[in-house]
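Hey, can you work out the whole structure from these sequences and the hints?
Residue numbers (the UniProt record's numbering), protein chains in the order written: chain A, 1 to 214; chain B, 1 to 333.
Derived by calculation from the structure, the hints in this document are not laboratory data. One should not assume that every hint holds.
Said to hold, decoys possible - Here chain A is said to cover these stretches of chain B; the calculated rule only asks that three of the stretch's residues, wherever they fall, bring their Cβ under 8 angstroms from a Cβ of chain A: (1) 6-18; (2) 41-47; (3) 59-70; (4) 230-244.
Treat the numbers as computed from the prediction; the structure is a model and nothing was measured. Here a beta-carbon is modelled for each residue, glycine too, at the ideal position from N, C-alpha and C.
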Amino acid sequence: MASHRRWDATPFRQPVSHVQDHNVPVQEVAAVETADAIAEALRSCATGDQSAMATLYDLTSAKVYGLALRVLRNPAHAEEVTQEIYVEAWQRSDTFQPGRGSALSWLLTITHRRAVDRVRSAEASARRDQAYGADDPAASPVDPADQAVATIEAERVRGALTSLTDTQRQAVELAYYDGLTHREVAHALDVPLGTAKARIRDGLIRLRSALGGD
Amino acid sequence: MTDESHDLIGAYALDALDAAERAAFEQHVAECEACQVELIGLRETLDDLADDTAVEPPPALRDAVLGAVAALPLRTATEEGRSTADDDTAAEPGAGAVQSAAAVDAAARRTFVEHDRFTDPEDLSSPGVDEAELPARPRVAASGGADEATPRRARDLTHESSESDTAAPESSADEPADPIATVTPLRPRRAQSSRWALLVAAAVALIAVIGVSVWQPWSPRTITAADVLAASDAVRVSEPVKGGGTVTVVRSAQLGRAVMTTVGVPDAPSGKVRQAWLKVPTGMVSAGLLPPGTDVSMLLEGDARTAEGAGLSIEPAGGATSPGDDVRALFAL
Chain A
1 MASHRRWDAT PFRQPVSHVQ DHNVPVQEVA AVETADAIAE ALRSCATGDQ
51 SAMATLYDLT SAKVYGLALR VLRNPAHAEE VTQEIYVEAW QRSDTFQPGR
101 GSALSWLLTI THRRAVDRVR SAEASARRDQ AYGADDPAAS PVDPADQAVA
151 TIEAERVRGA LTSLTDTQRQ AVELAYYDGL THREVAHALD VPLGTAKARI
201 RDGLIRLRSA LGGD
Chain B
1 MTDESHDLIG AYALDALDAA ERAAFEQHVA ECEACQVELI GLRETLDDLA
51 DDTAVEPPPA LRDAVLGAVA ALPLRTATEE GRSTADDDTA AEPGAGAVQS
101 AAAVDAAARR TFVEHDRFTD PEDLSSPGVD EAELPARPRV AASGGADEAT
151 PRRARDLTHE SSESDTAAPE SSADEPADPI ATVTPLRPRR AQSSRWALLV
201 AAAVALIAVI GVSVWQPWSP RTITAADVLA ASDAVRVSEP VKGGGTVTVV
251 RSAQLGRAVM TTVGVPDAPS GKVRQAWLKV PTGMVSAGLL PPGTDVSMLL
301 EGDARTAEGA GLSIEPAGGA TSPGDDVRAL FAL
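Laid out in structure tokens, this is it:
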């Protein structure tokens, strides 16, 4: 930077995440409106408005069910857990605080926790075998990749995932999609715990940066 | 935020901690604004990840879910939140017991309810609304929730007597087996006197922004960083910092304050200090000196309501009155 800058003249960098930027692409504007609609539906659920639950479901069910399905790899289990998720969302809708993150984050946190809890309490060892790449024909009747949504957003995510190193991507996927704890990830990859933690953390940071996040 | 917490936050966001680690980390998060801010950002990343795994569920699932919700025992939403005090509203969704924060918030909430005749923030926000306009509220099912609900409603002395909704708790207690009792819209509460109205008007404005959980209308108090982070109009901006790390500024225009949080930003060299700035129409004003540490969070000094930008610079110890040459971050809000 020049040593004698005049502060008034300094142009400010407009971060990508700033929604008032004039050059925000259409998808981002639409995403913000959807995010508002989800938050609004959740707030209405807290007042007992059941039509708001229908709205919430319609806005989010593909992401919720899809995440559950990816973690559980079983459509029947994913359906059961999805129902539990929305029931919990309804019952706890009054606990949502907008300042703590988006309504979708709130819902996906519930989703992921329930899916992972189920994975860990049930066929945990079978899951680990699968994560290692060992064949377990009984456990996975569905290959989620066959049903993956081919959308612009999905493509964007897959592109972002390529910005991670192989070991980072592997660590993040084992932790997030296969429900392993970081100790289990370390064991699965035969690395020290610190290495696993670092790969998970750095992988997430890279992912966030690649997705244009904060 | 300690280095160890910083290491764990990624795994925490991915639910990759075991039960004991998760519980310990949740306690930490409840007290650490830097982690709270970091988590928001990490979860936005996970929101995006969900695009990659999205799959339309079978149509029959929609009916199953909506039917399951409709069949739930009726209760008021705020009671559910209050009765499960361990799952504190201020903590993570689905969090385990976060005792200290939960107990404080639950106690503060109850205090607020007991002092104020208005039992529910949503009633406060629309005093004088016609009864027909209110959404139907689920009423309490008998045994479990009724004991808590009935005294709360009966305490509402501003409300005219012999009305349908003071009768309703009694009828729900008389018919414990019917979970789908007739839903009776609550009548709006009305202020008993102009003194109440003034206090309530001020309370409404602030509650709408920072929520009920830690605020009591009787003791005015200063705004804290937590208030800003929890504000309903909070807007966040994050930027990478020259020399490493990320800085985030959260601003609530309604509260007129902002919070700056650093993640992984190295300390200033010896003899120097990291200084925060807000750009207001009249120029750059100091917003405070950051405490030492790579991961810190600070309520910014000054009125952030009109701030157009924020910045971070390295200055001589004690700070400067205007930024020098070593600016590490500078961005619009």
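Query - In rising order, the numbers of the hints this structure does not comply with - result: none
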